[in-house]
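These protein sequence lines are chains X, D and S, in that order.
Anchor point for the first sequence: position 34 equals 34 in this note's numbering, and the numbering is continuous, going up by one each time.
Anchor point for the second sequence: position 287 equals 287 in this note's numbering, and the numbering is continuous, going up by one each time.
Anchor point for the third sequence: position 207 equals 207 in this note's numbering, and the numbering is continuous, going up by one each time.
Just so you know, these hints were derived from the structure itself, not from any lab.
Think of the CB as a built atom: it goes at the ideal place given N, C-alpha and C, for glycine as much as any other residue.
Treat the hints with care, since some could be wrong.
A short list of chain S residues far from chain D (calculated; beta carbon distances all over 10 Å) [said to hold, decoys possible]:
(1) T7
(2) A147
(3) A226
(4) E239
(5) R240
(6) N249
Selected chain D positions facing chain S (in silico; Cβ < 8 Å) [claimed, not checked]:
(7) L12
(8) M43
(9) G238
(10) G259
(11) L314
Listed here are the chains, written in short residue letters.
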Amino acid sequence: APLAAPTDLSSLTRIKRELVAPPFVHDHEQVAPGAPRIVEFEMTIVEKEIEVDDGAYLQGMTFDGSIPGPMMVVHEGDYVELTLINPEDNLMQHNIDFHAATGALGGGALTHVNPGEKTILRFKATRPGTFVYHCAPGGPMIPWHVASGMVGTIMVLPREGLKDHEGNPVGYDRVYYIGENEFYIPKDESGNYKRYADAGESYPDTLEVMNGLIPSHVVFNGKVGALTGDNAMTANVGERVLFVHSQANRDTRPHLIGGHGDLVWEHGKFNNVPDRDMETWFIRGGSAGAALYTFLQPGVYAYVNHNLIEAVNLGATAHVKVEGDWNNDLMEQVLAPTDLAAF
Amino acid sequence: APLAAPTDLSSLTRIKRELVAPPFVHDHEQVAPGAPRIVEFEMTIVEKEIEVDDGAYLQGMTFDGSIPGPMMVVHEGDYVELTLINPEDNLMQHNIDFHAATGALGGGALTHVNPGEKTILRFKATRPGTFVYHCAPGGPMIPWHVASGMVGTIMVLPREGLKDHEGNPVGYDRVYYIGENEFYIPKDESGNYKRYADAGESYPDTLEVMNGLIPSHVVFNGKVGALTGDNAMTANVGERVLFVHSQANRDTRPHLIGGHGDLVWEHGKFNNVPDRDMETWFIRGGSAGAALYTFLQPGVYAYVNHNLIEAVNLGATAHVKVEGDWNNDLMEQVLAPTDLAAF
Amino acid sequence: APLAAPTDLSSLTRIKRELVAPPFVHDHEQVAPGAPRIVEFEMTIVEKEIEVDDGAYLQGMTFDGSIPGPMMVVHEGDYVELTLINPEDNLMQHNIDFHAATGALGGGALTHVNPGEKTILRFKATRPGTFVYHCAPGGPMIPWHVASGMVGTIMVLPREGLKDHEGNPVGYDRVYYIGENEFYIPKDESGNYKRYADAGESYPDTLEVMNGLIPSHVVFNGKVGALTGDNAMTANVGERVLFVHSQANRDTRPHLIGGHGDLVWEHGKFNNVPDRDMETWFIRGGSAGAALYTFLQPGVYAYVNHNLIEAVNLGATAHVKVEGDWNNDLMEQVLAPTDLAAF
Ligand SMILES: [Cu+2]
Ligand SMILES: [Cu+2]
Ligand SMILES: [Cu+2]
Ligand SMILES: [Cu+2]
Ligand SMILES: [Cu+2]
Ligand SMILES: [Cu+2]
Ligand SMILES: [Mg+2]
Ligand SMILES: [Mg+2]
Ligand SMILES: [Mg+2]
Ligand SMILES: [Mg+2]
Ligand SMILES: [Mg+2]
Ligand SMILES: [Mg+2]
Ligand SMILES: [Mg+2]
Ligand SMILES: [Mg+2]
Ligand SMILES: [Mg+2]
């Protein structure tokens, strides 16, 4: 346990951010407005059953009620101060490991809260980038809590904001946070998904599926269809959109059908030169990456994990509805599908 | 659907390219010979049963008869104009989604051709790199058509040609296109591969195997042995060879046994600085990458997916036969295998 | 077979290095002390049964008795001269393929030693970086010998030593070599691991598991717990540690819980600019990468493959015990977990 005396941070400004559910992100400045601040967040852990697809029920565990948990945004050099609450009616001990933090298992060793407890952790955000946070209570609870939904992302912006491949400042008009999770929901002998009274009852079967490494579901934002149809993300032609994508456990490969990544920080770390013109990028299991794209055409875009089995059959598909004018120079239907007999 | 008026391209030169089956690539200039052109291609969709290994039959779907479909080459700023034909005797609707294109699901939304129809799509190649194209007719047909072989690659060269890590021009003496596909061929209760009367009959069983995410075969250019033995690629010592490698659905990791990647565009996008000295590179599922290598020694090289189970047991192995003089400075057999009793 | 005359290397200095078992690395200079040398190594192949987890026995095959085999270190431009010995009491033919070498399948074609034979291979280390070596005796023996443990790494240092992202020299205070392997140990009908009289007896069952692509174990340095508890790696706050990580067959994603990669050569090739601030990096199956980190906080760190199922349930976890003073500016437990009723 840490023994050093507390750092004196009494001269720093404090600001409290209200977290919002993904794919949305709380208000924030892209360029830091002044000196480093202490940024306060509060999250409550919620254990609850979630229907992740028709008839498929997950014994979910969440930060603040959503899968993934809310995205936090601070600037490099800021202090993150998180109050983490485990309500009395939960059944399990939880904690939080920030990949952005330094020491004590990312804070995991200092934040073990039993039901009916709260804790406060502060860490300095020293490295700019998008970083996963997740529950990691120890031993086999670690993969289980992560696979049950206890994951999220913090974005640490450079104080001057983002830079492009030439080092010039670049901003975004919108930001969306897509959290990809895979679930391992057990089936009975007839091949139907099993449903459990509580998380504890689900554990032995779930562990067996997990250890086989093949998920039953691969989803964005906690369930099949969380970001499609009426839940689609939106944008306009000409807008620059930042897509932050996390996967805390299993590799994935985001792709925007009909679009590209103009500037992609595949590892999510902003001190590195972003890659350009990406068709598909790669999120290492246990990380979050970021892709910036200016929409050039209207329409409904699918944003997918480009293992298309995982995208279409297992659930990893989102939509972006984009409004604006079509550009025939970029693409034109020269001949609509026509009967061959016509020629 | 696009409503904007057609762009006037009447002043541009048109050139028609005859596509050839992989691993070969149609004639093309590495440096663009002048102003942007409209480059015309034509592909016919072929549905057919294919023996992908001894006794293992795939209900294949192909662009122009080969798996992968032919590689197209244009320059940045050119217009690609594809005529896509779905012959009367096919059973299914198909389309084409170009990762190189912008809007309308990469053209997928504009090219749904039923059997007996054709369509023409034009798009501007605005980003230099190697990009996958594939069929994406909608819903679960998407992964199924891709896993049945409907994939290929377009290479969009910078107008000035390729550049090395220092920005100096670099060319290639040969180019080969290796398309990796994985298949999910169902087995019967005795563990033998099942054979089907047609694609429709194969679908329910195939879907079940696909959703388990473990392929029965991982192959280059459509079948085990498509690029080995008499079908091996060839080169000479001192020649610079560009290997373009696509995988439209599942990650892979190309490796040239006994060789290297001198310059590797792992994501395949030529505006980025290539990586040097690679032992193994990574193709994200749903992308195409490129690796340039000057052969320094003669012999038969194996070019593999370096998951060696996938390479050797599931099929992902190609050969390159290289002629020239051996360089003893680079490698020498100082002592041939000799009985220990001799010492 | 090579026909060229031997290169005259008679004027070069020879140095013999004694290999040591991982995670340790033999003594070496980070900056080359003079002209290129011939660096001599000797390895003996050991076939033996290994208990890789409680009650789980592998018919192991090893270079020099350890999984992975020992790490070799030379400088760019040096000649590696390996004596490879296959003792009389082994049952199988083996060889060695160096990803760092050029030609003859990385030396694999020149080093097939039967039991009771030895061979000597020399190659020039022309590219700086970390490179896998492994046994590759041909056909399905290749994945089997690799999956049985016959893998290792050579690190080819630039003559001037490592450089950071700005091209400035950077050294390390310690270096550890973590070799990740996955095993495919068959189970009987009751779900218990099977044990075999010898490797040959284990082959048919093992092949079946291998071809399903899902391992039973994913471990560091040959067995569950090889680098945890009393076997943990050690370091001090302020020390710069180089972690070399290999996986010869299957992708992995190293992560240091509570730490970072300050400078990461994900592909392991030192001519490329290292990435900064990494939370998780990616080792392509069939490659070795390197990550440099200066420890900033004391404590026990877990170093994991951040597929947490593979890390915790299948075995891919190591520990680093770090001594020094805690820095409260970087992280502080503002409120220890406390009963909610107290507020
Ligand atoms: Cu938890
Ligand atoms: Cu983690
Ligand atoms: Cu199709
Ligand atoms: Cu696609
Ligand atoms: Cu061997
Ligand atoms: Cu290899
Ligand atoms: Mg809240
Ligand atoms: Mg504790
Ligand atoms: Mg044709
Ligand atoms: Mg065969
Ligand atoms: Mg349509
Ligand atoms: Mg790069
Ligand atoms: Mg020895
Ligand atoms: Mg031989
Ligand atoms: Mg990079």
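### Numbers of the earlier hints that this structure fails to satisfy, in rising order
1, 2, 6, 7, 8 and 9
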